[in-house]
Amino acid sequence: MALEFKGVSKSFNLDTGQELTAVRDINFKVEKGEFVSVVGPSGCGKSTILSMTAGLYQPTTGEVRVSGELVTKPNPHVGFMLQKDLLLPWRTIIKNVEFGLESRGVPRAQRRERAMAELERCHLAGFENHYPYQLSGGMRQRAALARTLAIDPDIILLDEPFSALDAQTKLLIQNSFAETIMEAGITTLLITHDLSEAVIMSDRVLVLSERPGTVMCEMPIDLPDRAHPLKRRQLPEVHQHAAEIFTLLRLDQRAA
Amino acid sequence: MSLAKSHTLAGIVILGVVLLIWQFLPPAMDVPKFIIPTPMDMLKELGRMYRREDLITNTLSTALYTTLGFAIGSAMGAIIGYLLGMSEFWERVLSPYILALQIAPKVAFAPLFIMWFGYNATPKLLVTVLIVFFPVLVNVLAAMKTVDRDMVNLARAYSLSRWEIFLKVEFPSTLPNLMAGLRIASTLAVIGVTVGELVGGNTGLGFLISYGGGQANAAMVFNSIVLLTLIGIVLYSVLAWAEKRLLHYIPKKEH
Chain A
1 MALEFKGVSK
11 SFNLDTGQEL
21 TAVRDINFKV
31 EKGEFVSVVG
41 PSGCGKSTIL
51 SMTAGLYQPT
61 TGEVRVSGEL
71 VTKPNPHVGF
81 MLQKDLLLPW
91 RTIIKNVEFG
101 LESRGVPRAQ
111 RRERAMAELE
121 RCHLAGFENH
131 YPYQLSGGMR
141 QRAALARTLA
151 IDPDIILLDE
161 PFSALDAQTK
171 LLIQNSFAET
181 IMEAGITTLL
191 ITHDLSEAVI
201 MSDRVLVLSE
211 RPGTVMCEMP
221 IDLPDRAHPL
231 KRRQLPEVHQ
241 HAAEIFTLLR
251 LDQRAA
Chain B
257 MSLAKSHTLA
267 GIVILGVVLL
277 IWQFLPPAMD
287 VPKFIIPTPM
297 DMLKELGRMY
307 RREDLITNTL
317 STALYTTLGF
327 AIGSAMGAII
337 GYLLGMSEFW
347 ERVLSPYILA
357 LQIAPKVAFA
367 PLFIMWFGYN
377 ATPKLLVTVL
387 IVFFPVLVNV
397 LAAMKTVDRD
407 MVNLARAYSL
417 SRWEIFLKVE
427 FPSTLPNLMA
437 GLRIASTLAV
447 IGVTVGELVG
457 GNTGLGFLIS
467 YGGGQANAAM
477 VFNSIVLLTL
487 IGIVLYSVLA
497 WAEKRLLHYI
507 PKKEH
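Chains A and B supply the protein sequences, listed in that same order.
Here the first sequence is numbered in the working numbering, starting from 1 and rising by one per residue.
Here the second sequence is numbered in the working numbering, starting from 257 and rising by one per residue.
Watch out, some of these pointers could steer you wrong.
[Said to hold, decoys possible] Covered, in the sense of this in silico footprint (three residues per stretch, anywhere, with C-beta under 8 Å from a C-beta of chain A), are these stretches of chain B:
(1) 335 to 344
(2) 397 to 408
(3) 415 to 423
Note that these hints are calculated values from the structure, not bench results.
Since we're looking at a predicted model, the values are computed, not measured.
Glycine included, C-beta positions come from ideal geometry on N, C-alpha and C.
Let the sequences and hints guide you as you build the complete structure.
So this is what it looks like as structure tokens:
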């Protein structure tokens, strides 16, 4: 079991003195090597799930386990990536990829080797000495993925990593991420607003309700070509799945 | 001709025109040279100051205390700025006092420092330190508050220690603001030293200004002002050069 949420609720105390329940009684499991997406309406606590998995804060009740271990503090076995690439602008790409390895006592030569291998896997060989500003948005996200994979995490958390990219770059980067993640065999939790993105990239989709968020439905996606979203998106079933989620979220009623 | 070259040429032409007007207009209008000395008068006076007024020693003394005051004041400003930036509690407690001290005219402390420390180098150094301190502190503090929280969280997720987070994320993030603060401070440092020397000194260009003023020697005052400006320009240029080297990773804006 790579990731498990058991009866997890999280409340925040607001400045106004009120209590805000972000998520309530969340239960789900992610198997090793599985790619699971989380979709839901805005403000349903998707990012709260991510922060609790990363160990940035703890649930109010319930427990979060990564590889069977209770998460109580920032967890070195979890890698996360946001919409912003969070590359350090004053470091070259390779030094950025090495960033996560520096506090782990990995010797310099080994760090460099590891980072180089990840850059190659993410199709960025040749750009190691560039600075982030010299790269396009898509390349920067690939560099961020290389940095995330370099620490050899048990699970990676992707928080809308494609939403700042233009439509075409998005398709290409989704494809390149899917290939790399499949090849690395790494467990992935993707948080997204984009229903068809969830369907074309995942083995399973978790649909959250409005706040306080809770898992309304777990939808298995039994389609081929998980490593090739560009191919998978041609399948007619993709649209059926997306439409189903659309209905579940009652997006049509919100539009009215 | 390239654009940069034509800029330089235009600059030189303007300088030449201004100097010519300055040289010939005041005498033509019968303005006495103790009111407005011409550039030639100033040059002659500069030679006299070199021979009779220890010009080199006085200039070097002012340059030294400008640099020293700038270095001490900005180091203190930066250190305290970073410390307050790391502690929201102390920042909130101290910020009204910082604001008050920032608004208070620092040069007005000069006579007080002379009462306390006498007619030596300490008062002018203190005025300089005080005047340099705040712009650096305020810039650093503001920058610490706007460090990207997600970047800090990323560093936390990578298990970096508090000190490593400061060194590898916060400090580099605030570097552009620190450098901007230092640039402002460098121009103020000259003011601090000058005031210190004007009020109670017997060395330095500020002293030559008050001495020249007392003798109705306007050329001496003008010359001292020019030299003070040059000291400020040199300090500023060094910082601008360092900034360009340090912040090379920030893309230049296309014009």
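Against the structure, the hints come out as follows:
Coverage of a stretch by a chain is defined here by at least three residues with a beta carbon nearer than 8 Å to that chain's beta carbons; for the segment 335 to 344 of chain B and chain A the count is 0, and the condition is violated. As drawn, the segment 397 to 408 of chain B meets chain A at 3 residues by the rule of a beta-carbon pair under 8 Å; at three or more, the given contact holds. Counting residues of the segment 415 to 423 of chain B whose C-beta lies closer than 8 Å to any C-beta of chain A gives 4; at least three are required, and the coverage claim holds.
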